[in-house]
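Novice: Residues per chain are reported as follows:
Protein chains: 2
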Amino acid sequence: MEVEEIRVTPWEAEAFVDYNKLIKIFGSRPITESEIELLKSITGELHLMIRRYVFYSHRDFDKFLEAYRSSIKCALYTGRGPSGHTHLGHILPWIFTKWLQDKMGLELFFQMTDDEKFWHSEGGSFEEYNRLAYENILDLAALGLDPAKTHVIIDSEDISFIYPIAVKVAKKITFSTQRAAFGFTDSTNVGMIFYPTLQISVAFLPTHLYGERVEVLIPAGIDQDPYWRIARDMAPSLGYPKPAQIHNKLLPGLGIGGKMSSSKPETAIYTTDSPEIARQKVMKAFTGGQPTAELQRRLGGNPDMCPVFKMFEMLFEEDDEKLTMRYNSCKSGALLCGECKAELADRVARFLKDHQTRRRAAESIIDKYLIRNKFSTPGTSKSKRP
Amino acid sequence: MEVEEIRVTPWEAEAFVDYNKLIKIFGSRPITESEIELLKSITGELHLMIRRYVFYSHRDFDKFLEAYRSSIKCALYTGRGPSGHTHLGHILPWIFTKWLQDKMGLELFFQMTDDEKFWHSEGGSFEEYNRLAYENILDLAALGLDPAKTHVIIDSEDISFIYPIAVKVAKKITFSTQRAAFGFTDSTNVGMIFYPTLQISVAFLPTHLYGERVEVLIPAGIDQDPYWRIARDMAPSLGYPKPAQIHNKLLPGLGIGGKMSSSKPETAIYTTDSPEIARQKVMKAFTGGQPTAELQRRLGGNPDMCPVFKMFEMLFEEDDEKLTMRYNSCKSGALLCGECKAELADRVARFLKDHQTRRRAAESIIDKYLIRNKFSTPGTSKSKRP
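Chains G and R, in that order, give the protein sequences. Each residue of the first sequence is one higher than the one before, counting from 6 in my numbering. Each residue of the second sequence is one higher than the one before, counting from 6 in my numbering.
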């Protein structure tokens, strides 16, 4: 099985894929009862994304949890390429990350890669990506991530926090390594070629900032694994712990196949969509149902391939029993797609209304999330005059 | 004529080369009477390095001087890779840069590339290159560069000043461009591949910092031209003026051929050498003289190929008439090498004694040279919250 057969690179990824195959391709490990029990022993309860294996794969999640139990300092790290407004596919791992933050009392380092998005774009202006980074922070705040414990690094402006680490990381990565890991070519711009050092460096930043070993867990899509493989390879030689990872499944878009993606805005629910627009998008969604109500009643639907069901499963139905009922009544043909979509539309609209109220309120506290307002630059404080 | 035939890349350069050939290879222009007259109309007098064509080649030096005469804001830019202590070959262009600063009242942006030196090194520690950057600033101070007008950027610590520019520069450079310009290969580390964007970005920093067009003149060796060619190509599309350059000949080392270089420390005079050590190095210098005093008296010496004569010509003999006399008495065989070297040793020892006194005194004012103590980071001040 070649990686190329399933399109999962940091820049394109499908949603309805065989996740067991992905685990084999990437060489990660499935999340099993044993990691789940370990987590539960710490958190007391389990988030729906764990119960339902939305987070399905990991590297050293068990070791991370063991370190936490041994009172070794731990932190979370994830991030976002601010190429547009945030949609539900983006916030899915953030919701789980917030849950971990709350249950385990962890600091979160959150990287906004405005530089990378500009380097990767066809023609967008850098200023726009930088502006979007601030827009996206509002979503972190609206989700309730703790401003005292959530430290946002906007690459272009907070580069002084990561560059002293990146200098050492960059020395250990050759162009060949990058080409093998990311498919770069001779016509790739040197920003893209350098960028992985910055994403890797943030994994080492907590240890660097605190001057003590900090174990880092990265909740993210498995498509980001190439970065962390390089990070894990070099970590020991730089004196940092290897970052652990947990990988989430991708939220499907509302169209036929594919993840929720800004490249198909009509199939994505943005946090900035008006509840009414979102409702319309849901009502137009592709489903796993039959072409007619009659056929649906006779043959039943296919919730496993249905983005509407997946929205309930991965985000909007907390209650396991109710989710099972929905699954069964879809399969049996008792539940028609129109009804199911209307129910989802209600939940989505309600979520957006609340989220947008919190999002507006967050405008006054955005500064509290910026790392530059909370830590001094390690580079500057470290340097001694001769 | 291939570039490879004369070894002049940013990492190796010979001293006794045919500089007219270099001008042809690099496609720069020779400095002629016309630029010299223009300079004199501004400065009133001419530095020995101009009178003697130590600065022999340029790009747009004339345009830079015309801009200055038209009261357009102008600045100087040069730098150093802090891979060791400073020797006389390094300070040669700095001495001329100081003269320009004094005569024209110009600000100087000075880049210390501790990152690049680390990336290029075989095994040095990054902390050591960073420490050497501060050591090297002492030499700038000892030479009398104006602390109010000289702004030192230490890459690893002042990255936030240049990164917002570098993001845009990096997008315009592909790996192919870098390979063609610098001979990079697949096994080059990604720091080296990214580095040129940082050196280029400082050429645009004055305009960025002042928010108005600032014409920049770069006094440096012609080996740095590949950076500036790329900078000049992209400058218009980024809204910056093309940096002008003047190129100096390389000070020969005291051995047989080759520039003064840290790779042959016994043939280089460091600003930290004790006057006594420096005297010994000079007395052991290779010269353009004959094997014996008898032959020298009969056949005369060859000052054109003599590093001792070059030291007088390029640095230590201000008086043109005296220099001509020295040249002629060498040629005629009247002046023996021992005598000539003893005279140079005296000058060098005197220079070092004074320089080292000023260097020690500079330790208390090093902070006045750091850009971070004088300007606010443009990235941070520019960014607006949404």
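Hints listed in this document are in silico derivations from the structure and should not be mistaken for laboratory results. Don't take each hint at face value.
Any copy, or any two copies together, can satisfy a pair, since identical chains are not distinguished.
Each computed EDC-like pair below joins lysine to aspartate or glutamate, with the alpha-carbon atoms no more than 16 Å apart [to be verified]:
| # | residue 1 | residue 2 |
| --- | --- | --- |
| 1 | Lys177 | Glu271 |
| 2 | Lys177 | Asp191 |
| 3 | Lys247 | Glu281 |
| 4 | Lys177 | Glu127 |
| 5 | Lys26 | Glu368 |
| 6 | Lys26 | Asp359 |
| 7 | Lys379 | Asp151 |
| 8 | Lys78 | Asp324 |
| 9 | Lys358 | Glu127 |
| 10 | Lys45 | Glu71 |
| 11 | Lys177 | Glu326 |
| 12 | Lys379 | Glu133 |
| 13 | Lys373 | Glu112 |
| 14 | Lys336 | Asp309 |
| 15 | Lys379 | Asp309 |
| 16 | Lys154 | Glu140 |
| 17 | Lys108 | Glu326 |
| 18 | Lys45 | Asp228 |
| 19 | Lys45 | Asp351 |
Novice: Confirm or reject each hint.
Specialist: Right, here's what the structure says about each hint:
| no. | hint | in the structure |
| --- | --- | --- |
| 1 | Lys177 with Glu271 | neither (42 Å within a copy, 32 Å between copies) |
| 2 | Lys177 with Asp191 | between (20 Å within a copy, 13 Å between copies) |
| 3 | Lys247 with Glu281 | neither (45 Å within a copy, 52 Å between copies) |
| 4 | Lys177 with Glu127 | between (29 Å within a copy, 12 Å between copies) |
| 5 | Lys26 with Glu368 | neither (42 Å within a copy, 62 Å between copies) |
| 6 | Lys26 with Asp359 | neither (38 Å within a copy, 72 Å between copies) |
| 7 | Lys379 with Asp151 | within (14 Å within a copy, 35 Å between copies) |
| 8 | Lys78 with Asp324 | neither (33 Å within a copy, 68 Å between copies) |
| 9 | Lys358 with Glu127 | neither (33 Å within a copy, 58 Å between copies) |
| 10 | Lys45 with Glu71 | within (12 Å within a copy, 74 Å between copies) |
| 11 | Lys177 with Glu326 | neither (51 Å within a copy, 55 Å between copies) |
| 12 | Lys379 with Glu133 | neither (25 Å within a copy, 29 Å between copies) |
| 13 | Lys373 with Glu112 | within (13 Å within a copy, 37 Å between copies) |
| 14 | Lys336 with Asp309 | within (10 Å within a copy, 94 Å between copies) |
| 15 | Lys379 with Asp309 | neither (45 Å within a copy, 61 Å between copies) |
| 16 | Lys154 with Glu140 | neither (19 Å within a copy, 39 Å between copies) |
| 17 | Lys108 with Glu326 | neither (24 Å within a copy, 84 Å between copies) |
| 18 | Lys45 with Asp228 | neither (27 Å within a copy, 62 Å between copies) |
| 19 | Lys45 with Asp351 | neither (32 Å within a copy, 80 Å between copies) |
Hint compliance for this structure: hints 1, 3, 5, 6, 8, 9, 11, 12, 15, 16, 17, 18 and 19 are not met, and every other hint is.
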